[in-house]
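Undergrad: Read off the chains here:
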Amino acid sequence: MPSNKPYKNIPGTTVFDADMASIGFHLNQFCMSLMKAPNRERFKQDQQAYLDEWPMTEEQKQAVIARDYNHMMSLGGNIYFLAKIFSSDGISFQDAASTMTGMTLPEYAQMMLDGGRTPQGNMYEGDK
Amino acid sequence: MAKITAGVATSHVPAIGAAIDNGKTQEPYWQPLFKGYDYVKQWVKQQKPDVVILVYNDHASAFDLNFVPTFAIGCGAEFKPADEGWGPRPVPNVMGHPQLASHIAQSVIQDDFDLTVVNTIDVDHGLTVPLSLVFGQPEAWPCKVIPVAVNVVLYPAPSGRRCYNLGKAIRKAVESFDQDLNVQIWGTGGMSHQLQGPRAGLINKEFDNAFLDRIVDDAEGLSQMAHFDYLNQAGSEGIELVMWLIMRGALNDKVELKQRFYHVPASNTAVGHLVLENK
Chain A
1 MPSNKPYKNI PGTTVFDADM ASIGFHLNQF CMSLMKAPNR ERFKQDQQAY LDEWPMTEEQ
61 KQAVIARDYN HMMSLGGNIY FLAKIFSSDG ISFQDAASTM TGMTLPEYAQ MMLDGGRTPQ
121 GNMYEGDK
Chain B
1 MAKITAGVAT SHVPAIGAAI DNGKTQEPYW QPLFKGYDYV KQWVKQQKPD VVILVYNDHA
61 SAFDLNFVPT FAIGCGAEFK PADEGWGPRP VPNVMGHPQL ASHIAQSVIQ DDFDLTVVNT
121 IDVDHGLTVP LSLVFGQPEA WPCKVIPVAV NVVLYPAPSG RRCYNLGKAI RKAVESFDQD
181 LNVQIWGTGG MSHQLQGPRA GLINKEFDNA FLDRIVDDAE GLSQMAHFDY LNQAGSEGIE
241 LVMWLIMRGA LNDKVELKQR FYHVPASNTA VGHLVLENK
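If you read the protein sequences in the order shown, they are chains A and B.
Residue 1 is where the first sequence starts when you use the numbering used here, and the numbers rise one by one after that.
Residue 1 is where the second sequence starts when you use the numbering used here, and the numbers rise one by one after that.
I should point out that these hints are in silico values taken from the structure, not numbers from a laboratory.
Hints are supplied without guarantee of correctness; some may be wrong.
Unchecked claim - Calculated cross-link-like contacts (lysine-lysine; reagent style DSSO-like; alpha-carbon spacing at most 27 angstroms):
1. Lys41(B) - Lys24(B)
2. Lys41(B) - Lys80(B)
3. Lys3(B) - Lys172(B)
4. Lys8(A) - Lys80(B)
5. Lys80(B) - Lys24(B)
6. Lys80(B) - Lys36(A)
Please model the entire structure based on the sequences and the hints provided.
TA: The structure is reproduced here in structure tokens:
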């Protein structure tokens, strides 16, 4: 792994770099397959069987089935690819984002209406 | 000769497209946002651009992990709206300008910017939401559009400096095109937002407003901002803002600010919008 990754210090954030893209290649390509309606149907009918068609790790497959987006990202998933999963589920970006924050959807939606999560206390303040 | 006369910057949040497509623009949540675009809708009718060079990013719609070009230019004659998982947006196909696009590619590649030439590409909300915000809901888009796609999904995106200088090279290319064309350049994406992880929902009004100030009057200085500062201060998806610097680099050093608008929130995102004319 390249050693200099100052962005790893940013709190609550996974930066999708080449190493993550390598770990998550098949997970993300599985997500892309959901852009086709027939694939969405097959996935919905039997998720495990559909996932087994992809050379993903069992941990990646279980994270998909659990819709645990933070876990999927830690296993190389990128949010724009993972969006194909929650779009297939008929869930909005805001609803999906809220599941990653430990907040309820109404709490998250209210935070956004109130101007969003404040930068204070949520940025890396140390040396780069 | 072709000439770049003006620039537009705007966020391209997908929920804005959904609000337009589903007739929700006058709902209380959306009304203040769309009001901020009243000016540009009138302005563009007077400006009548022949071609818009539209800088945007693909969101894992046309480019999956098989191919990730840092910069790509659409040289095709026609581009369809992408199906992003819920069917294509009900908007007109986008008509390209193959001659000008190919000329730009030829010129900037020889100027050391190695654009990937793309002839077939479905264009996602990153490109079509700005068109809807500026042109409304016409039967056909009123001008030709040259898509310029920038990778901001796989880290690292190109640097702000690189984007700013690409803008300058695009301007040089346009000005050496032997047809009388009124060309605009639009930079899209941003402003501060983070769509992922426990920090999702980050909005940084101070950062955004400083960015809106500096891109008008201190673009050269702004172009020096490091990736880390975008990610840390504007959120992991806030790095889309480097695309505004391509637009700005293609304009004169001195520009006239015709419209400035800032609004929070649209879904998870802070919305910023500028209209700039070359002085």
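Undergrad: Against the structure, test the hints numbered earlier, and report the numbers of the ones violated in rising order.
TA: 4
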